[in-house]
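Protein chains: 2
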Amino acid sequence: MVDEHADPTVGELREGVILRSILDRLGESNALVGPGDDAAVIAAADGRVVATVDTLVHGPDFRLAWSSAYDLGYKSAAVNLADVAAMGATPTALLVALAMPESTHLSFVTGLADGLRAACRELAPGCRVEGGDLTVSDTLTIAVTALGALAGRAPVLRSGARAGDVVAVAGELGRAARGLRVLFERFTDAADAPVPVDESVLSPAERDDLAAQLRPAPPVALGPLAADAGATAMMDVSDGLLLDASRLAAASGVSVAIDSTALGDDTHSALTGGEDHALLATFPPDRPLPAGFRRIGRVVARSADPVLVDGAPYAGRTGWDPYRDWDARTG
Amino acid sequence: MVDEHADPTVGELREGVILRSILDRLGESNALVGPGDDAAVIAAADGRVVATVDTLVHGPDFRLAWSSAYDLGYKSAAVNLADVAAMGATPTALLVALAMPESTHLSFVTGLADGLRAACRELAPGCRVEGGDLTVSDTLTIAVTALGALAGRAPVLRSGARAGDVVAVAGELGRAARGLRVLFERFTDAADAPVPVDESVLSPAERDDLAAQLRPAPPVALGPLAADAGATAMMDVSDGLLLDASRLAAASGVSVAIDSTALGDDTHSALTGGEDHALLATFPPDRPLPAGFRRIGRVVARSADPVLVDGAPYAGRTGWDPYRDWDARTG
Numbered sequence: 001m002v003d004e005h006a007d008p009t010v011g012e013l014r015e016g017v018i019l020r021s022i023l024d025r026l027g028e029s030n031a032l033v034g035p036g037d038d039a040a041v042i043a044a045a046d047g048r049v050v051a052t053v054d055t056l057v058h059g060p061d062f063r064l065a066w067s068s069a070y071d072l073g074y075k076s077a078a079v080n081l082a083d084v085a086a087m088g089a090t091p092t093a094l095l096v097a098l099a100m101p102e103s104t105h106l107s108f109v110t111g112l113a114d115g116l117r118a119a120c121r122e123l124a125p126g127c128r129v130e131g132g133d134l135t136v137s138d139t140l141t142i143a144v145t146a147l148g149a150l151a152g153r154a155p156v157l158r159s160g161a162r163a164g165d166v167v168a169v170a171g172e173l174g175r176a177a178r179g180l181r182v183l184f185e186r187f188t189d190a191a192d193a194p195v196p197v198d199e200s201v202l203s204p205a206e207r208d209d210l211a212a213q214l215r216p217a218p219p220v221a222l223g224p225l226a227a228d229a230g231a232t233a234m235m236d237v238s239d240g241l242l243l244d245a246s247r248l249a250a251a252s253g254v255s256v257a258i259d260s261t262a263l264g265d266d267t268h269s270a271l272t273g274g275e276d277h278a279l280l281a282t283f284p285p286d287r288p289l290p291a292g293f294r295r296i297g298r299v300v301a302r303s304a305d306p307v308l309v310d311g312a313p314y315a316g317r318t319g320w321d322p323y324r325d326w327d328a329r330t331g
Numbered sequence: 332m333v334d335e336h337a338d339p340t341v342g343e344l345r346e347g348v349i350l351r352s353i354l355d356r357l358g359e360s361n362a363l364v365g366p367g368d369d370a371a372v373i374a375a376a377d378g379r380v381v382a383t384v385d386t387l388v389h390g391p392d393f394r395l396a397w398s399s400a401y402d403l404g405y406k407s408a409a410v411n412l413a414d415v416a417a418m419g420a421t422p423t424a425l426l427v428a429l430a431m432p433e434s435t436h437l438s439f440v441t442g443l444a445d446g447l448r449a450a451c452r453e454l455a456p457g458c459r460v461e462g463g464d465l466t467v468s469d470t471l472t473i474a475v476t477a478l479g480a481l482a483g484r485a486p487v488l489r490s491g492a493r494a495g496d497v498v499a500v501a502g503e504l505g506r507a508a509r510g511l512r513v514l515f516e517r518f519t520d521a522a523d524a525p526v527p528v529d530e531s532v533l534s535p536a537e538r539d540d541l542a543a544q545l546r547p548a549p550p551v552a553l554g555p556l557a558a559d560a561g562a563t564a565m566m567d568v569s570d571g572l573l574l575d576a577s578r579l580a581a582a583s584g585v586s587v588a589i590d591s592t593a594l595g596d597d598t599h600s601a602l603t604g605g606e607d608h609a610l611l612a613t614f615p616p617d618r619p620l621p622a623g624f625r626r627i628g629r630v631v632a633r634s635a636d637p638v639l640v641d642g643a644p645y646a647g648r649t650g651w652d653p654y655r656d657w658d659a660r661t662g
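As given, the protein sequences belong to chains A and B, one line each in that order. Under this note's numbering, the letters of the first sequence match residues 1 to 331, in that order. Under this note's numbering, the letters of the second sequence match residues 332 to 662, in that order.
FYI, nobody ran anything at the bench for these hints, they're computed from the structure. Hints are supplied without guarantee of correctness; some may be wrong.
Some, not all, of what chain B presents toward chain A, calculated at C-beta under 8 Å [what the hints assert, rightly or not]:
no.	residue
1	Asp368
2	Leu511
3	Leu514
4	Leu620
5	Pro621
Derived Cβ-Cβ restraints for the label pairs, each shown as a range [to be verified]:
no.	chain 1	residue 1	chain 2	residue 2	range
6	B	Ala449	A	Pro60	23 to 31 Å
7	A	Ser103	B	Gly595	52 to 60 Å
8	A	Glu28	B	Pro644	33 to 41 Å
9	B	Asp338	A	Ala312	54 to 62 Å
10	A	Glu102	B	Ser531	34 to 42 Å
11	A	Gly292	B	Pro456	40 to 48 Å
12	A	Asn30	B	Pro391	25 to 33 Å
13	B	Gly595	A	Ala221	31 to 39 Å
Which stretches of chain B does chain A cover? Using the computed rule of at least three CB atoms under 8 Å from a CB of chain A, they are [what the hints assert, rightly or not]:
no.	stretch
14	419-428
15	477-486
16	518-526
17	631-645
For each residue, glycine too, the CB sits at the ideal point set by N, CA and C.
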């Protein structure tokens, strides 16, 4: 017997013990075949399955001084659940490939499992971790695959927006970016290295922003509702509204005209901040928007600028990363 | 325009350029929605999808001095295709999460894509990389998710073996382990660090063993055939026959009696060597084995030893790793 209260490292434990500790946290399987065999078997009732993968890597994507294991589990699930939702689908299962140093404590692994489960419970009830893989690595890496069901709907692609459509979003814009600024400005040492978060020094608004960065809560349930309401195109906003709207515009052969007065007080963060995983969608102009979506602009004929803000190219810093340029997915 | 002939590093390139280089190597999508949107949409005609993930990490799982990019692409696909086959399913799609240092050259990425495509073409025609994720990491990490279709079959679990069943395998046993020994014995320097492989110094048999280690070719097409032939239990042999047969025995509540005379000349490697990803299956005794499977023993009533070799517990070194102990998956 291993005494979990002693919080051993994973290098001291048998893989079976680690797996059991994870599975004990995840609750009952919802799958036709859940964890424990060579593969899981997941229902895909309408004969199609939506599938996506996204990875969080220690260093580029998170710092352990800032994110708890629970936060990382929550975020790694949330970002993938949002991708499924953005197709108009309902998440059905996650597979988690966890690569971690042998010095990782068991409490980290169980905390991560708790965060994964909480994200599923809060954002996508019925979805669960149904499989995965544990490996040793010098770099803590969490690759989550999410599967989803369209329930007879046509998938909503990035390429279907037409001039005249309404542009709308559901969920937060810019809050996670403000939370990231809180981390960099308040919780680094003199050498700019991350130091542990102390929430007691933050205002309520800062705490909310920080929560949005560490544990984003995209409106997963609204993806299928948008599809049912006739969304012509949809994607999740992972790299900022300007950048992601540019991708949607390029895929659809249109331009997107945004009305900055619809973006709240912190327009710059709303336009350039990523990681909230809001849903960006376009709808035919002649129908009411589904509950949870708000109008932020309209689709116009393609012009030299994929995105216009109040009728002109955005003049502020876009925050675009050369590794994440606007043509990243659409060529 | 980026001059690919100059072989830039991925840190010098936009993500869109890297993605395009990969997609150009992968050929046409077979999916309902292929790469380029928030998620792929894959056919799952009988209303179920088989799903599994396995990760290769630089250091624990491979050395770049020994494995080419092509080898890594091939192997990372093959190990996951084998898991799908072991359920009795046919692979339909792969998702590839690739985390790599910014110093990685573009030629590495395209070589990896070539290996992924070759493994699909040779082992699972119709299966393709239909999605993925690129991230920066200090540690080169390849997490592959494989999806598969059962085409109306019941999935073949580890838990269905019954006393009296025939135990059979399809594919190699022990060859990849011999290939690993070739690497450690012939291609390390005085400090036991890996040095580049020079195949010209090897015998033909050593070259074959090395190929089995670097580019395993599991009998993926035989998984569905085994299911159709009535296999009562099945799994792929990833950690060695003794260890994996113990898992199957534990899941089924039986013991497995192996006849060592069926294992060829190198009995020890066949019993303890992993990574060939042969298919281990049990069949009712009253039917002919499907083509490609050979009898290696029988299922007996559960005893104190989950696996017997020629009627007794195996006396040799098992090669079991505390991180990969026999109860790893089945508890």
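Hint check:
Contact between Asp368(B) and chain A, as hinted, is supported at the beta carbon level, the nearest pair being about 5 Å apart and thus within 8 Å. Because the closest C-beta pair between Leu511(B) and chain A is about 17 Å apart, greater than 8 Å, the hint is violated. With 8 Å as the threshold, the beta carbon of Leu514(B) stays out of range of chain A, its nearest partner Cβ sitting at about 19 Å, so the hint is violated. Interface restraint check for Leu620(B): the shortest CB-CB distance to chain A comes to about 20 Å, outside 8 Å, so the restraint is violated.
For Pro621(B), the shortest C-beta to C-beta distance to chain A is roughly 18 Å, which exceeds 8 Å, and the interface hint is violated. Checking the proposed 23 to 31 Å range against Ala449(B) and Pro60(A) shows it holds: the Cβ atoms sit about 30 Å from each other. At about 41 Å, the CB distance of Ser103(A) to Gly595(B) disagrees with the hint of 52 to 60 Å. Hint check: Glu28(A) to Pro644(B), Cβ distance near 36 Å, so the stated range 33 to 41 Å holds.
Between Asp338(B) and Ala312(A) the CB atoms are about 40 Å apart, so this pair departs from the stated range of 54 to 62 Å. For the hinted restraint 34 to 42 Å between Glu102(A) and Ser531(B), the CB-CB distance of approximately 37 Å keeps it satisfied. Between Gly292(A) and Pro456(B) the beta carbon distance is about 44 Å. The supplied range of 40 to 48 Å therefore holds. Checked against the hint of 25 to 33 Å, the pair Asn30(A) and Pro391(B) passes, with Cβ atoms roughly 32 Å apart.
Checked against the given bound of 31 to 39 Å, the beta carbons of Gly595(B) and Ala221(A), roughly 56 Å apart, lie outside it. With a cut-off of 8 Å between beta carbons, the stretch 419-428 of chain B has 5 residues touching chain A; three or more are needed, and the interface restraint holds. Evaluation of the coverage hint for the stretch 477-486 of chain B: fulfilled, as 5 residues show C-beta separations to chain A shorter than 8 Å, against a requirement of three. With a cut-off of 8 Å between beta carbons, the stretch 518-526 of chain B has 0 residues touching chain A; three or more are needed, and the interface restraint is violated.
Residues of the stretch 631-645 of chain B with a Cβ under 8 Å from some Cβ of chain A number 0, which does not satisfy the need for three, so the listed coverage is violated.
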